[in-house]
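Participant: Residue numbers (our numbering), protein chains in the order written: chain A, 1 to 452; chain B, 1 to 453.
Calculated directly from the structure, the hints in this document are not laboratory data. Errors might be hidden in some of the hints.
Claimed, not checked - Ranges of calculated distance between the beta carbons of each label pair, as one might list FRET restraints:
(1) A:G196 / B:R40: 39 to 47 Å
(2) B:R87 / A:G236: 54 to 62 Å
(3) B:R87 / A:A200: 33 to 41 Å
(4) A:T226 / B:D206: 50 to 58 Å
(5) A:V213 / B:I426: 51 to 59 Å
Even glycine gets a Cβ: it sits at the ideal position worked out from N, Cα and C.
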Amino acid sequence: MAREHLLKVGVSGVRGVIGGFLTPGLAASFAQAFGTYVGQGRVVLGRDTRTSGPMLTHAVNCGLLAAGCEVIDLGVVPTPTIQIYVAHRKARGGIALTASHNPPEYNALKLFNHEGLFFNQYERSELLDLFHQSQFTQAGNGEIRSVTSDLTTAPALHFDRVLRHVDLGRIRRRRFRVALDGVNGAGSAMSVEFLGTVLATHLEAIAVDPTQVFPRIAEPRPDTLTELAALVRRTGADIGFGQDPDGDRLAVCDENGTVLDNDDVLALAVQRALAHTPGDVVVNLTTSATIDDIAAQYGCKVHRTPVGEANVVERMQAVKATIGGEGSSGGIIFPAVHLCRDSYTAMALLLDLMAETGQTVSELVAALPRYTRLAGKVPFEHGRLGTLMQALAESFPDAQTNRTDGLKLQWEGRWLHVRSSNTEPLLRLAVEARTPEQAQALFDDAWRRLTV
Amino acid sequence: MNKALRISHVGLRGIVGQGLTATHVLEFAAAFGTFLEPGRPVILGRDPRLSGHMIREGVLASLLACGHDIIDLGVVSTPVVQHAIQRLDAAGGIAISASHNTIDWNALRFFGPSGIYLNTAEAGELLDIYHLRRFRFAPWDQLGKLTVTTDAIDTYLDGLARVFDLARIRPLRVVVDCCNGASALILRRMNERFGCGFILINERVDGRTVAHTPNTSASIVELQLAPLMQPLQADAGFLFDMDADRVALADEQGRGISEEMVLPLLADSLLPASPGKLIIANLSSTALLEDVAARHGGRVLRVPVGRQAAIDALSSYRPEQIALAGEGTGAVMMPQFRFVYDGIASMLAILHTICDRGQPLSRILAGYPRHHILKAEVPLTSPHIPALLEELQELFPDGEMDRSDGLRIAWPDRWFHVRVSQTEPIIRVIAEQRDSEPRELFETLLDRVRRWN
Numbered sequence: 001m002a003r004e005h006l007l008k009v010g011v012s013g014v015r016g017v018i019g020g021f022l023t024p025g026l027a028a029s030f031a032q033a034f035g036t037y038v039g040q041g042r043v044v045l046g047r048d049t050r051t052s053g054p055m056l057t058h059a060v061n062c063g064l065l066a067a068g069c070e071v072i073d074l075g076v077v078p079t080p081t082i083q084i085y086v087a088h089r090k091a092r093g094g095i096a097l098t099a100s101h102n103p104p105e106y107n108a109l110k111l112f113n114h115e116g117l118f119f120n121q122y123e124r125s126e127l128l129d130l131f132h133q134s135q136f137t138q139a140g141n142g143e144i145r146s147v148t149s150d151l152t153t154a155p156a157l158h159f160d161r162v163l164r165h166v167d168l169g170r171i172r173r174r175r176f177r178v179a180l181d182g183v184n185g186a187g188s189a190m191s192v193e194f195l196g197t198v199l200a201t202h203l204e205a206i207a208v209d210p211t212q213v214f215p216r217i218a219e220p221r222p223d224t225l226t227e228l229a230a231l232v233r234r235t236g237a238d239i240g241f242g243q244d245p246d247g248d249r250l251a252v253c254d255e256n257g258t259v260l261d262n263d264d265v266l267a268l269a270v271q272r273a274l275a276h277t278p279g280d281v282v283v284n285l286t287t288s289a290t291i292d293d294i295a296a297q298y299g300c301k302v303h304r305t306p307v308g309e310a311n312v313v314e315r316m317q318a319v320k321a322t323i324g325g326e327g328s329s330g331g332i333i334f335p336a337v338h339l340c341r342d343s344y345t346a347m348a349l350l351l352d353l354m355a356e357t358g359q360t361v362s363e364l365v366a367a368l369p370r371y372t373r374l375a376g377k378v379p380f381e382h383g384r385l386g387t388l389m390q391a392l393a394e395s396f397p398d399a400q401t402n403r404t405d406g407l408k409l410q411w412e413g414r415w416l417h418v419r420s421s422n423t424e425p426l427l428r429l430a431v432e433a434r435t436p437e438q439a440q441a442l443f444d445d446a447w448r449r450l451t452v
Numbered sequence: 001m002n003k004a005l006r007i008s009h010v011g012l013r014g015i016v017g018q019g020l021t022a023t024h025v026l027e028f029a030a031a032f033g034t035f036l037e038p039g040r041p042v043i044l045g046r047d048p049r050l051s052g053h054m055i056r057e058g059v060l061a062s063l064l065a066c067g068h069d070i071i072d073l074g075v076v077s078t079p080v081v082q083h084a085i086q087r088l089d090a091a092g093g094i095a096i097s098a099s100h101n102t103i104d105w106n107a108l109r110f111f112g113p114s115g116i117y118l119n120t121a122e123a124g125e126l127l128d129i130y131h132l133r134r135f136r137f138a139p140w141d142q143l144g145k146l147t148v149t150t151d152a153i154d155t156y157l158d159g160l161a162r163v164f165d166l167a168r169i170r171p172l173r174v175v176v177d178c179c180n181g182a183s184a185l186i187l188r189r190m191n192e193r194f195g196c197g198f199i200l201i202n203e204r205v206d207g208r209t210v211a212h213t214p215n216t217s218a219s220i221v222e223l224q225l226a227p228l229m230q231p232l233q234a235d236a237g238f239l240f241d242m243d244a245d246r247v248a249l250a251d252e253q254g255r256g257i258s259e260e261m262v263l264p265l266l267a268d269s270l271l272p273a274s275p276g277k278l279i280i281a282n283l284s285s286t287a288l289l290e291d292v293a294a295r296h297g298g299r300v301l302r303v304p305v306g307r308q309a310a311i312d313a314l315s316s317y318r319p320e321q322i323a324l325a326g327e328g329t330g331a332v333m334m335p336q337f338r339f340v341y342d343g344i345a346s347m348l349a350i351l352h353t354i355c356d357r358g359q360p361l362s363r364i365l366a367g368y369p370r371h372h373i374l375k376a377e378v379p380l381t382s383p384h385i386p387a388l389l390e391e392l393q394e395l396f397p398d399g400e401m402d403r404s405d406g407l408r409i410a411w412p413d414r415w416f417h418v419r420v421s422q423t424e425p426i427i428r429v430i431a432e433q434r435d436s437e438p439r440e441l442f443e444t445l446l447d448r449v450r451r452w453n
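Take these sequences, add in the hints, and give me the full structure.
Facilitator: As structure tokens, this is what we get:
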């Protein structure tokens with residue numbers, strides 16, 4: 001029987017269900033550990049639109065003040081906006097209160113260092129140890145600072161960073177017709193301003209009321225964006241954008257109302273980035289080989305990391321990559337703006353690509369190398385994981401193997417990747433091949449071997 | 001013994017960072033959120049201590065998580081919180097204030113639906129919930145909402161203005177030592193709104209520093225306030241603690257008046273209008289109370305020392321049976337204010353008395369029989385306190401005995417009280433006598449107490 005993961009305290013922070021699992025006490029303790037770790041000084045805080053955001057804001061404020069930190073509260077803002085602000089204000093660190101694409105009953109603390117980057121693996125494990133040791137800095141009356149709000153400057157700062165890397169005049173002149181589904185998330189107000197005012201598009205927006213609950217499944221995927229697709233068709237939009245609650249991920253819909261595979265969105269962004277600035281590309285193991293083909297066109301190198309934004313970011317920093325991301329989850333990381341997943345950068349790059357080439361989204365996608373991808377989830381019993389992986393590897397002796405995150409088996413023109421989910425007792429199976437038939441055959445074969 | 005943290009029936013109290021941490025605050029507030037009935041808002045206020053910022057955030061988080069709506073009054077006196085609970089028909093409230101403790105302390109004080117401190121049974125239930133740590137958190141779509149208000153002090157002053165004729169006291173020249181606490185905000189506003197003309201000292205409110213220890217003892221008054229009285233030609237001087245629930249005073253001749261005198265003064269002014277009613281006071285308070293009560297046909301009910309005993313006594317009488325309740329520390333509750341310890345209300349009542357009598361404060365005080373009180377603290381080292389009390393009881397077989405809090409024995413002209421402190425590891429020895437010092441009695445007591453320790 002699959003266990004429900006109502007609370008997870010781990011190297012990626014704290015995530016859990018509100019109402020007894022992710023409690024204010026736990027959030028405050030974790031924040032106090034964070035404040036102890038980064039040291040007394042400014043810490044930036046922001047949140048998405050979840051109902052538990054204000055409650056957790058107070059809890060985190062309490063923990064940070066108790067550690068002697070000063071809090072700058074940005075209110076409801078996208079996660080990348082917080083990260084950019086942290087670096088700009090030279091703060092000690094930042095915290096985003098968001099469970100990203102998880103359902104509304106969840107919330108989480110995402111932690112950033114003084115550069116506005118996800119904690120690397122060393123920082124994460126040090127912080128976790130500190131949390132468990134409960135040896136926190138305890139500020140006395142004279143050392144306790146206050147919470148100040150900055151509800152205005154962060155969005156403009158974020159826009160400014162993005163606009164340095166696109167041709168704003170060219171985008172504005174096209175007066176694109178754009179459809180937006182903001183999932184009533186943290187980016188709601190900011191996206192309307194960015195697309196409607198800054199980029200001067202004809203904007204048709206739904207779900208941009210941050211006071212309302214998420215109207216759809218929060219993760220932006222082809223099957224959750226039917227409203228957006230309908231909006232595109234109804235309004236004849238050139239492109240449709242679907243955000244997640246904290247505005248880091250982006251899904252895209254073409255002018256025909258077809259929601260693109262997230263791997264293709266990343267591929268377009270990589271193409272746009274490498275055309276202007278050739279350099280290394282970093283993606284996770286589950287991202288499409290399309291990226292390899294595009295990088296090859298520009299003579300650039302592709303690095304593969306375990307799944308997880310922090311892993312991708314860490315490698316990008318190490319190799320000074322031009323661009324990176326995680327295909328299936330809909331995230332583009334463009335370090336020239338900031339080393340973080342950012343839907344605003346993605347929107348601007350795509351509109352700029354359309355303006356530059358004069359092509360429609362479907363035309364741009366049609367020009368990409370074609371692969372078929374299939375994915376599935378297989379429940380498994382704890383303790384059997386090693387045996388399953390081993391058997392799978394042995395049954396494909398001709399494949400090139402990569403074991404840095406589960407098992408990836410690779411052949412010319414196709415691959416399969418099996419890894420255990422970090423959040424559920426599930427195996428995630430992904431395959432890719434040049435034709436649908438090849439992909440289905442590989443998927444069925446692997447599925448059979450994993451479910452014996 | 002680590003005195004930096006104390007969790008008891010009176011709530012949570014400690015030195016912030018050293019004993020009192022964010023975790024304590026969150027858990028205690030969650031216990032209160034679990035204890036309170038859902039449905040009505042909870043009132044929150046705090047004194048100016050900087051640590052109040054941190055504690056406020058923790059209290060907000062836990063109460064919101066338990067599904068309670070909160071009305072935050074900001075920096076106010078504790079009585080303002082209590083009044084708001086009554087006025088807004090709230091489920092209860094929390095005052096973040098360590099009152100008369102030094103600036104590095106802070107505390108959570110809990111109030112029920114009437115704005116009165118939790119009684120011992122209620123406080124016991126709250127403590128049990130805290131210790132069990134099984135809190136009733138609301139699901140994600142039923143969390144509370146926060147409202148911040150800025151009009152709490154004005155609404156409180158409207159209430160004071162209905163009970164006291166503020167125009168009448170305007171001719172008096174009054175100096176107030178605010179001790180950098182919440183009273184500064186209230187009195188400044190009274191000057192603006194009612195032209196009270198209070199001369200305020202130590203009125204800067206930054207929560208970081210205080211001009212002196214914020215307690216209302218006579219020695220602080222002697223040192224800080226009394227020397228200003230004659231130079232400023234003041235009719236009366238008052239000194240408040242950080243959250244203005246206690247008050248001490250100085251007369252127009254520059255004498256610090258014992259905090260013990262607040263209760264008899266108020267009894268003398270309130271009893272004529274409420275003959276035969278009760279004065280609730282503790283076993284260590286001056287016998288002058290009996291003298292004053294006798295003048296007006298009132299009666300004194302002696303209860304154990306500490307706020308909790310007074311609160312419990314209040315809840316076992318009907319409000320109309322009681323004229324006044326309070327302690328020798330200058331903390332007094334009046335029925336006009338539905339029994340809230342309120343230093344500012346006490347000050348206004350005393351100013352009214354001065355106007356009513358048409359006499360300077362020193363003359364009013366001189367009109368009372370003179371009681372001489374001697375107090376000492378002996379470090380508590382012996383585990384044999386019951387045996388000590390037995391011995392003292394046998395030594396003085398002729399007096400009227402009360403064993404409800406240590407040992408008190410009273411004779412017509414003198415009394416003594418020996419008890420163990422609830423807050424510190426000491427034995428308190430107090431003896432009082434009319435007209436002259438009870439030196440011999442006091443020395444005998446000290447001698448016996450020391451021999452056992």
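Participant: Run every hint past the structure and note whether it holds.
Facilitator: Going through the hints against the structure:
1. The hint said 39 to 47 Å for the Cβ distance between G196 (chain A) and R40 (chain B), and at roughly 43 Å that hint holds.
2. A hinted range of 54 to 62 Å holds for the C-beta pair R87 (chain B) and G236 (chain A), which are about 58 Å apart.
3. About 53 Å separates the C-beta atoms of R87 (chain B) and A200 (chain A), a value inconsistent with the hinted range of 33 to 41 Å.
4. Remark: the range hint 50 to 58 Å for T226 (chain A) to D206 (chain B) is upheld by a beta-carbon distance near 57 Å.
5. The beta-carbon spacing between V213 (chain A) and I426 (chain B), approximately 58 Å, falls within the hinted interval of 51 to 59 Å.
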